[in-house]
Amino acid sequence: MFDNIHGNELNKEILKNMINERKYGHAYLFSGPKGTQKRKIAIEFIKGIFCLSEGERPCHVCSQCHKIESGNHPDFHEIRPEDENIKIQQIRDMQKSMMIKPYEGDKKVYLVNSCESMGVPAQNSLLKILEEPSGSTMVILVANSKKSILPTILSRCQILNFNPLAKASFVTIMTDEYGTDADEADLLFQLTQGRIDEAGKMIRYPEKKNEYRIIEEHLDLLRKGNVEKIFDITKMAKEKGIDDIKLTDYLLIYFRNILINKALKVENYDEDCLTIPEINDIIERIIDIQSNTKINVNMQLQVESLLLKIQEE
Amino acid sequence: MEYVALYRRYRPKEFREMIGQENIVTILKNQIIMDKIAHAYLFSGTRGTGKTSAAKIFARAVNCENNSQGEPCNTCESCINLESNSVMDIIEIDAASNRGVDEIRELRDKVKYLPSMGKYKVYIIDEVHMLTMEAFNALLKTLEEPPSHAIFILATTEPNKLPATILSRCQRFNFKRISAEDIIKQLLYVCKDIDVEIEDAAVKLIAKNADGAMRDALSILDQCMSISRDNIIEYEEVKTILGITDNQIVYSIIEAILDWDVKKALVNLDIAYNMGKEMTQLIDQLALALRDILIYKITGNADLMVEIRDEESEILKKVQLDDLEKISEYIEILADRENKIKFSSLPKILMEVTLIKLCTWTKPEKAAAGVREERGSYQAVKKEPALERAQILQTSQKPSAPPEKAAVKEDTAEAGKPFSWNQAVKEISKEKPLLGMSLGPGKAKIENKKILLYYDEANKFHYDAILKEKEQITKIVRKLFGDDAGFDVKLRENDSEFFMKTLPLEIFGEDKVDFIK
Numbered sequence: 001m002f003d004n005i006h007g008n009e010l011n012k013e014i015l016k017n018m019i020n021e022r023k024y025g026h027a028y029l030f031s032g033p034k035g036t037q038k039r040k041i042a043i044e045f046i047k048g049i050f051c052l053s054e055g056e057r058p059c060h061v062c063s064q065c066h067k068i069e070s071g072n073h074p075d076f077h078e079i080r081p082e083d084e085n086i087k088i089q090q091i092r093d094m095q096k097s098m099m100i101k102p103y104e105g106d107k108k109v110y111l112v113n114s115c116e117s118m119g120v121p122a123q124n125s126l127l128k129i130l131e132e133p134s135g136s137t138m139v140i141l142v143a144n145s146k147k148s149i150l151p152t153i154l155s156r157c158q159i160l161n162f163n164p165l166a167k168a169s170f171v172t173i174m175t176d177e178y179g180t181d182a183d184e185a186d187l188l189f190q191l192t193q194g195r196i197d198e199a200g201k202m203i204r205y206p207e208k209k210n211e212y213r214i215i216e217e218h219l220d221l222l223r224k225g226n227v228e229k230i231f232d233i234t235k236m237a238k239e240k241g242i243d244d245i246k247l248t249d250y251l252l253i254y255f256r257n258i259l260i261n262k263a264l265k266v267e268n269y270d271e272d273c274l275t276i277p278e279i280n281d282i283i284e285r286i287i288d289i290q291s292n293t294k295i296n297v298n299m300q301l302q303v304e305s306l307l308l309k310i311q312e313e
Numbered sequence: 001m002e003y004v005a006l007y008r009r010y011r012p013k014e015f016r017e018m019i020g021q022e023n024i025v026t027i028l029k030n031q032i033i034m035d036k037i038a039h040a041y042l043f044s045g046t047r048g049t050g051k052t053s054a055a056k057i058f059a060r061a062v063n064c065e066n067n068s069q070g071e072p073c074n075t076c077e078s079c080i081n082l083e084s085n086s087v088m089d090i091i092e093i094d095a096a097s098n099r100g101v102d103e104i105r106e107l108r109d110k111v112k113y114l115p116s117m118g119k120y121k122v123y124i125i126d127e128v129h130m131l132t133m134e135a136f137n138a139l140l141k142t143l144e145e146p147p148s149h150a151i152f153i154l155a156t157t158e159p160n161k162l163p164a165t166i167l168s169r170c171q172r173f174n175f176k177r178i179s180a181e182d183i184i185k186q187l188l189y190v191c192k193d194i195d196v197e198i199e200d201a202a203v204k205l206i207a208k209n210a211d212g213a214m215r216d217a218l219s220i221l222d223q224c225m226s227i228s229r230d231n232i233i234e235y236e237e238v239k240t241i242l243g244i245t246d247n248q249i250v251y252s253i254i255e256a257i258l259d260w261d262v263k264k265a266l267v268n269l270d271i272a273y274n275m276g277k278e279m280t281q282l283i284d285q286l287a288l289a290l291r292d293i294l295i296y297k298i299t300g301n302a303d304l305m306v307e308i309r310d311e312e313s314e315i316l317k318k319v320q321l322d323d324l325e326k327i328s329e330y331i332e333i334l335a336d337r338e339n340k341i342k343f344s345s346l347p348k349i350l351m352e353v354t355l356i357k358l359c360t361w362t363k364p365e366k367a368a369a370g371v372r373e374e375r376g377s378y379q380a381v382k383k384e385p386a387l388e389r390a391q392i393l394q395t396s397q398k399p400s401a402p403p404e405k406a407a408v409k410e411d412t413a414e415a416g417k418p419f420s421w422n423q424a425v426k427e428i429s430k431e432k433p434l435l436g437m438s439l440g441p442g443k444a445k446i447e448n449k450k451i452l453l454y455y456d457e458a459n460k461f462h463y464d465a466i467l468k469e470k471e472q473i474t475k476i477v478r479k480l481f482g483d484d485a486g487f488d489v490k491l492r493e494n495d496s497e498f499f500m501k502t503l504p505l506e507i508f509g510e511d512k513v514d515f516i517k
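Protein chains in written order, with this note's numbering: chain A, 1 to 313; chain B, 1 to 517.
You may find that some hints are simply not true.
Claimed, not checked - Computed cross-link-like contacts, DSBU-like style, restricted to lysine-lysine with a CA-CA straight-line distance of at most 35 Å:
id, chain 1, residue 1, chain 2, residue 2
1, B, Lys342, A, Lys235
2, A, Lys23, B, Lys208
3, A, Lys12, B, Lys204
4, A, Lys208, B, Lys264
5, B, Lys208, A, Lys16
6, A, Lys146, B, Lys192
7, B, Lys263, A, Lys246
8, A, Lys167, A, Lys224
9, A, Lys309, B, Lys460
10, A, Lys101, B, Lys110
11, B, Lys13, A, Lys96
12, A, Lys146, B, Lys263
13, A, Lys309, B, Lys490
14, A, Lys34, B, Lys208
15, B, Lys208, A, Lys12
16, A, Lys146, B, Lys239
17, B, Lys208, A, Lys167
18, A, Lys309, B, Lys326
19, B, Lys176, A, Lys146
20, A, Lys209, B, Lys340
21, A, Lys87, B, Lys161
22, B, Lys13, A, Lys23
23, B, Lys176, A, Lys96
24, A, Lys23, B, Lys192
25, B, Lys264, A, Lys146
26, A, Lys107, B, Lys239
27, A, Lys309, B, Lys512
28, B, Lys36, B, Lys110
29, A, Lys16, B, Lys110
30, A, Lys107, B, Lys13
31, A, Lys34, B, Lys264
32, A, Lys16, B, Lys13
33, A, Lys224, B, Lys449
34, B, Lys340, A, Lys201
35, B, Lys297, A, Lys265
36, B, Lys263, A, Lys208
37, B, Lys340, B, Lys161
38, A, Lys240, B, Lys342
39, A, Lys167, B, Lys204
I should point out that these hints are in silico values taken from the structure, not numbers from a laboratory. Please read all numbers here as calculations on a predicted model, not as lab measurements.
Isolated chain A, as found in the complex:
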């Protein structure tokens, strides 16, 4: 049933078992980093629950499957953050709508996306409905991280952890489906951390991928003492619309590679004059900048001063 979805075999099997045996719990939490196809799997699973087919479910042809696919099944409700967060009012509305009996079959399913964006009041108001939802209602929570979910919610849900793809399987999929060579696949893995969807996007729009290549080149030059490149980097980032986090991510990847080569004493890697503690310092600074973005500092200045520092080292 999860034919087009790679990875997370264990979770897929658990869900498959449940659909085959029609043994559903009342509350699930799908947690895992962004881009691990949690929602996609959840939708497939929900289709499997509603599907009318006698054979394999979901069949993708019956009316129920179609309705869920197009998002207008009357017994399937999806909750998304309003503005940035899921508000307590949304949860209250959800509670109210739970009281209504299902229209079509005998069950109702609620899918709550981005649960990590829920505030404490909203999470608390979920507690009672998660514990004993009325009748045949099921709630599926989807969250990027378990850390920001209350322990009292966690203990009420069956938790499925979603992980990005391991490197080996990522590379196989890349070479099999997209025909990329090993080097390319390696870079894509680093950039996407195994999020296959994003990697696919990068292959379709190669500019994204090249962004890193360009920045890498610039940084190489910078390390050789070419100061003007600093301003080239920030200018280019602005022109191309690379957002600040992305840019610092690139920097992080770049220095991580240097650090690893250095630490593992890879041969032919002697052109460098940075020492491990110095690289550690730089990385520390990059991480600091990343956490600073939360408090709205001027990123361009930050990055420039960081690069200046790096150049000096």
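Place chain B on chain A using the hints.
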């Protein structure tokens, strides 16, 4: 959906089914038997310890027509009606969703009506910590003197959020965490009841991870049942469900850190990652294991360990007592990074970097010596960019310290070891603490065995102090570095002037700098 989650199916229906809360249960039962029922209770405690269950049982027991020894009979009309929610005598309020003052006013208005069939009307206000301040205050009067037929039971996981005026009006019962033994007993009972076999080690692992909450334990069991194809729940299955990395991997990583073996650490990290390990969890485990080492080494008590369960473990032997400071430093680094990994879009890369940092942490001195050597040959390239930088600074009119600092570094490198300004400052501070303090804000520059000290306009006070004692300092400097050493102090007139003219000249020498108008 005929399937009901285990923790709902095995929710206790009588007091005797409650686990691990014997003293609370005895008190409640005695109150019912002796007919000394209070009008307001507060049940607090962590999740899954039985607060809501106890409240529900209590509500039924007080209304039961033929209750025996404080237990509800669950067979009389009243019990059955209450259980099926068809009577309005037990009112369960979700305070987290109805947290406003309006809801409480409504409640207050209705409290005065008599119960429809039993003796008491019981209000169970669950998650009461989420009420707003106004709502709490609106509740106060009702809570203090409710009509004789009303009983309030407040349940919450966070009693610290309730105002003191609420706390003082209630009889308070603190539900404690359920001990691992009790959880194991109950799990075995449930497994027998649903005809599932379970390995001993698996039960123990579930109990440990439930963290004193029965609901967690049953949730985990539920999940294990959904992946086990046979009717036996194995240790390995529990481990995959919980996403616990094999302890061996955690040990190996720690071993690698202690051995400064970067490669081993990274290889093990890869294994953990491919097994689907969450990086935040891994970092947690690492910190815990290090904490265990620390505690074991200090106390020698193996019972206090959380992560490492084997007293004979190799790691414990490896650590010497004088490593302890290092280990607390590691824990600090890990704790710091844990926060950042949570928000990072590249958790694995951060983790790698963190491990390398830990692996290389103890060797800064050696590495630093390496830099010095390389620096010498690198300087030629380095000076030019520094010049450009000075020009950039001129145009941007943004004075900052870095250029001088770099200069100091380079010059000390050239002059070799004996000429360390910091050392001189230390010596001077020893003899004249006040003078030492004044030396601090100055920027030192060493050239041909002559020490030049610069002060900003803002630090004129210190400059004056140093100027007065110049002779004295020169003496000390000579004592330290030899008779040909010199000392001078200068006040920097104006920042931009300094950066435009004086500094470039001094760094690069007059012959190399050309000012372009």
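So, going through the hints one by one against the coordinates:
1. Lys342(B) - Lys235(A): holds, 30 Å
2. Lys23(A) - Lys208(B): Holds - the C-alpha atoms of lysine 208(B) and lysine 23(A) are around 27 Å apart, at most 35 Å.
3. Lys12(A) - Lys204(B): holds, 27 Å
4. Lys208(A) - Lys264(B): holds, 33 Å
5. Lys208(B) - Lys16(A): With Cα atoms ~29 Å apart, lysine 208(B) and lysine 16(A) stay inside 35 Å; holds.
6. Lys146(A) - Lys192(B): Holds. Lysine 146(A) to lysine 192(B) sits at ~32 Å (cutoff 35 Å).
7. Lys263(B) - Lys246(A): holds, 28 Å
8. Lys167(A) - Lys224(A): It holds: about 32 Å lies between the C-alpha atoms, which stays within 35 Å.
9. Lys309(A) - Lys460(B): At roughly 29 Å apart (the allowed maximum being 35 Å), lysine 460(B) and lysine 309(A) satisfy the hint.
10. Lys101(A) - Lys110(B): Measuring from Cα to Cα gives roughly 28 Å; hence the hint holds.
11. Lys13(B) - Lys96(A): holds, 28 Å
12. Lys146(A) - Lys263(B): OK: lysine 146(A) and lysine 263(B) at ~30 Å, within 35 Å.
13. Lys309(A) - Lys490(B): The hint holds at about 28 Å.
14. Lys34(A) - Lys208(B): Holds, at roughly 30 Å.
15. Lys208(B) - Lys12(A): holds, 27 Å
16. Lys146(A) - Lys239(B): holds, 18 Å
17. Lys208(B) - Lys167(A): holds, 32 Å
18. Lys309(A) - Lys326(B): holds, 28 Å
19. Lys176(B) - Lys146(A): OK: lysine 176(B) and lysine 146(A) at ~25 Å, within 35 Å.
20. Lys209(A) - Lys340(B): Cα-Cα ~25 Å, so holds.
21. Lys87(A) - Lys161(B): Distance of about 21 Å is within 35 Å: holds.
22. Lys13(B) - Lys23(A): Roughly 24 Å between the alpha carbons, so the hint for lysine 13(B) and lysine 23(A) holds.
23. Lys176(B) - Lys96(A): Holds, at about 34 Å.
24. Lys23(A) - Lys192(B): Since the Cα atoms of lysine 23(A) and lysine 192(B) sit roughly 20 Å apart, the hinted pair holds (cutoff 35 Å).
25. Lys264(B) - Lys146(A): The hint holds at about 29 Å.
26. Lys107(A) - Lys239(B): Roughly 32 Å separates the two Cα atoms, so the pair holds.
27. Lys309(A) - Lys512(B): holds, 24 Å
28. Lys36(B) - Lys110(B): Distance of about 24 Å is within 35 Å: holds.
29. Lys16(A) - Lys110(B): violated, 48 Å
30. Lys107(A) - Lys13(B): holds, 27 Å
31. Lys34(A) - Lys264(B): Holds. Lysine 34(A) to lysine 264(B) sits at ~29 Å (cutoff 35 Å).
32. Lys16(A) - Lys13(B): Measuring from Cα to Cα gives roughly 33 Å; hence the hint holds.
33. Lys224(A) - Lys449(B): holds, 31 Å
34. Lys340(B) - Lys201(A): Holds: lysine 340(B) and lysine 201(A) sit about 27 Å apart, inside 35 Å.
35. Lys297(B) - Lys265(A): Holds. Lysine 297(B) to lysine 265(A) sits at ~34 Å (cutoff 35 Å).
36. Lys263(B) - Lys208(A): Between lysine 263(B) and lysine 208(A) the Cα gap is close to 31 Å, so the pair holds against 35 Å.
37. Lys340(B) - Lys161(B): Holds. Lysine 340(B) to lysine 161(B) sits at ~29 Å (cutoff 35 Å).
38. Lys240(A) - Lys342(B): This hinted pair holds, its Cα atoms lying about 28 Å apart.
39. Lys167(A) - Lys204(B): holds, 33 Å
Hint 29 from the list above is the single one not met by this structure.
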